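Place chain B on chain A using the hints.
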Amino acid sequence: MSARIAGFSALALAALALLALVPRLGNAYYLALAISLLQYTVLATAWGLFSGPTRYVSLATTAFFGVGAYTVAVLGEILPWPLVLLTAAALGAIVAAIVGLSTLRLSGVYFVIFTFGLTELIRQLVVWFEVNKSRVLGRYVFVNITQADIYWQLLALTAAVFLLGWLIARSRLGFALRVIGEDETVAKHCGINTTFAKVALFTISATVMTLVGAIMAPRWTYIEPSIAFNSMISFQVLIMALLGGAHRLWGPVLGAVPLTLLFELLSARFPNTFTIILGCVFLLIVYMLPRGVAGLFEKLSTRTSGKTTQRVAA
Amino acid sequence: MTNAILTGLMLGGMYALIAMGLTLQYGVARIMNLSYGEFLIAAAFASHWLFTGWAVSPFVGLALVVPLAFALNFAIYKLLLTPLVRRAPNRDALEVDSILATFGLTFVIQGSMLALFGGAYYSYSFLAFPVQFLGETVAANRLTALGITILLGLALYAALTRTRAGTAVRAVAVDPFAAQLVAINVPQASALTFALGGALVAAAGVLVSTFLTFSASSGVVFTMKALIVVVMGGVGNMLGCLVAGLALGLSEALVASYVDPGLTLAVNFALFLAVLLVKPAGLFGRATR
Numbered sequence: 006m007s008a009r010i011a012g013f014s015a016l017a018l019a020a021l022a023l024l025a026l027v028p029r030l031g032n033a034y035y036l037a038l039a040i041s042l043l044q045y046t047v048l049a050t051a052w053g054l055f056s057g058p059t060r061y062v063s064l065a066t067t068a069f070f071g072v073g074a075y076t077v078a079v080l081g082e083i084l085p086w087p088l089v090l091l092t093a094a095a096l097g098a099i100v101a102a103i104v105g106l107s108t109l110r111l112s113g114v115y116f117v118i119f120t121f122g123l124t125e126l127i128r129q130l131v132v133w134f135e136v137n138k139s140r141v142l143g144r145y146v147f148v149n150i151t152q153a154d155i156y157w158q159l160l161a162l163t164a165a166v167f168l169l170g171w172l173i174a175r176s177r178l179g180f181a182l183r184v185i186g187e188d189e190t191v192a193k194h195c196g197i198n199t200t201f202a203k204v205a206l207f208t209i210s211a212t213v214m215t216l217v218g219a220i221m222a223p224r225w226t227y228i229e230p231s232i233a234f235n236s237m238i239s240f241q242v243l244i245m246a247l248l249g250g251a252h253r254l255w256g257p258v259l260g261a262v263p264l265t266l267l268f269e270l271l272s273a274r275f276p277n278t279f280t281i282i283l284g285c286v287f288l289l290i291v292y293m294l295p296r297g298v299a300g301l302f303e304k305l306s307t308r309t310s311g312k313t314t315q316r317v318a319a
Numbered sequence: 221m222t223n224a225i226l227t228g229l230m231l232g233g234m235y236a237l238i239a240m241g242l243t244l245q246y247g248v249a250r251i252m253n254l255s256y257g258e259f260l261i262a263a264a265f266a267s268h269w270l271f272t273g274w275a276v277s278p279f280v281g282l283a284l285v286v287p288l289a290f291a292l293n294f295a296i297y298k299l300l301l302t303p304l305v306r307r308a309p310n311r312d313a314l315e316v317d318s319i320l321a322t323f324g325l326t327f328v329i330q331g332s333m334l335a336l337f338g339g340a341y342y343s344y345s346f347l348a349f350p351v352q353f354l355g356e357t358v359a360a361n362r363l364t365a366l367g368i369t370i371l372l373g374l375a376l377y378a379a380l381t382r383t384r385a386g387t388a389v390r391a392v393a394v395d396p397f398a399a400q401l402v403a404i405n406v407p408q409a410s411a412l413t414f415a416l417g418g419a420l421v422a423a424a425g426v427l428v429s430t431f432l433t434f435s436a437s438s439g440v441v442f443t444m445k446a447l448i449v450v451v452m453g454g455v456g457n458m459l460g461c462l463v464a465g466l467a468l469g470l471s472e473a474l475v476a477s478y479v480d481p482g483l484t485l486a487v488n489f490a491l492f493l494a495v496l497l498v499k500p501a502g503l504f505g506r507a508t509r
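Protein sequence lines, in the order shown, are assigned to chains A and B. The first sequence runs 6 to 319 under our numbering. The second sequence runs 221 to 509 under our numbering.
Think of the hints as simulated: they come from the structure by calculation, not from any bench. From a predicted model like this one, the values you see are computed outputs, not experimental measurements. Treat the hints with care, since some could be wrong.
Listed next, the in silico SDA-like pairs over lysine to any residue satisfying Cα-Cα at most 25 Å (straight line) [to be verified]: (1) B:K298 x A:R296; (2) A:K304 x B:L314; (3) A:K304 x B:N310; (4) A:K138 x B:Y478; (5) A:K193 x B:V498; (6) B:K298 x B:R311; (7) B:K298 x B:V286; (8) A:K304 x A:G186; (9) A:K304 x B:P309.
Chain A extracted, bound-state conformation (with noise of 0.2 Å):
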């Protein structure tokens, strides 16, 4: 087992070293589509890493993602980059705190409807603000960071969240997430802290979101709480994560890179019918592949394994 966790571990840094190369490739366009594909990766891994063991369907990335930028364009100029990163962090964790702490209580569907809501509850509250305290809407932002840094913490950060999630995997913490998802009764009558867990790894999930938005800021040069608060995030990660499969650390991955490329693909040459392929895409998946593209390796492996048991016992 060690041996094959050593091997991986060296076949998956040596991805991670040839990944760190995109950006000395020179072409503006490629390195922009993989910027795309990595915040989406990373978007939709931290949305399984919370929804996939408990099966809390949340809609409140873009909250999060909003809330990172945000920090970025208010305190982008003021403080030292790596100090604006763990402003951010920090902002997103306390966020993510207290909201769990209040909604994850409930069960499901309420948690599903605070979290829609969520999104345009802080971007009401940040125009507010921003309206009668700041008295400005709309934000430039001038960091000196390069489309490349940005690339590059975007990596780092994507290997910094599969490390974490295959680390919660194998701890207490994982598994008690795994029972709640099977049935909560059951794991509050096996002493576990349900409550505890839950806001522990939707606050690890939603600093990591806080911090893709953070770091994505630069992108543009001017922020505005419509921009930063973008609803359409929150639905194409949960697409994402659904289309891979949820249930597994990898499975988001499988999503996120060939919907990623879809969706560019859609936005430039059909942005007028965009919305309307995105919702057919969207119930295709619910009806096609319930467990999405990693349940479906599962059935095909299991089928196949099955197949060779039944010849063994023949």
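Relative to the frame of chain A, chain B by itself:
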């Protein structure tokens, strides 16, 4: 003060009307319909088109749009949602599946409306004159809408409590499995209730279009308001729907006139959270889980 309260009550009545259909769909058919607001906007567009293009009064529009919406929602339940109902091993799974499916539907409807009407805001002038009511000046169209809302609410309440079909529907809401044991056709009752919910939201859409401006993408706001009212009042509870709707409208109007109009949504959520933390099943809900 009277003005704020009156505005709040009219707003609240509208919220209650908007949420009535959803509480039926979710409480009885167990479909958490996230595309609910899109149906409202579609009805509003239909009414706008009938009025500006054909000079059809929204009252006549109601008679045209509502049956159409009933048929459409019945078809949607039969074609799109029945496979999910069959597939779901339990209620929670159906809820998650229905959220995802109707979510996809949201984009299809919204995208179609965007393609048809563009992103601009629409409105038309119908009964837009001031009248005196309880010593305050209010818009006639809002008052008419409130009157029709009350009539619809009473009719629905009577239908649910006084008729055989209504009793069957309430039985399904309480326990779909036991309802089957007393010879209630549960799939049929669910489909009809879902369609009835769709008809109600279409009625709400027509009424709302007489006094509010709307655009192809404003459906989400109505879905959110309806969800908040339904959950706050207790799922599937008509009275809860009314009380929660009024509470929401009142608090919104009071905050808008005395604190800051920019904070209405924040008040919605604060109220929503406060109710859920004290009574997780809603104001009039029974604690089932």
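Status of the hints after comparison with the structure:
1. B:K298 x A:R296: holds (23 Å)
2. A:K304 x B:L314: Holds: A:K304 and B:L314 sit about 22 Å apart, inside 25 Å.
3. A:K304 x B:N310: OK: A:K304 and B:N310 at ~22 Å, within 25 Å.
4. A:K138 x B:Y478: holds (18 Å)
5. A:K193 x B:V498: Given pair A:K193, B:V498 holds - Cα atoms ~21 Å apart, limit 25 Å.
6. B:K298 x B:R311: holds (18 Å)
7. B:K298 x B:V286: With a Cα-Cα distance of about 18 Å, the restraint between B:K298 and B:V286 holds, given a limit of 25 Å.
8. A:K304 x A:G186: holds (20 Å)
9. A:K304 x B:P309: holds (18 Å)
Violated hints: none; the structure is consistent with every hint.
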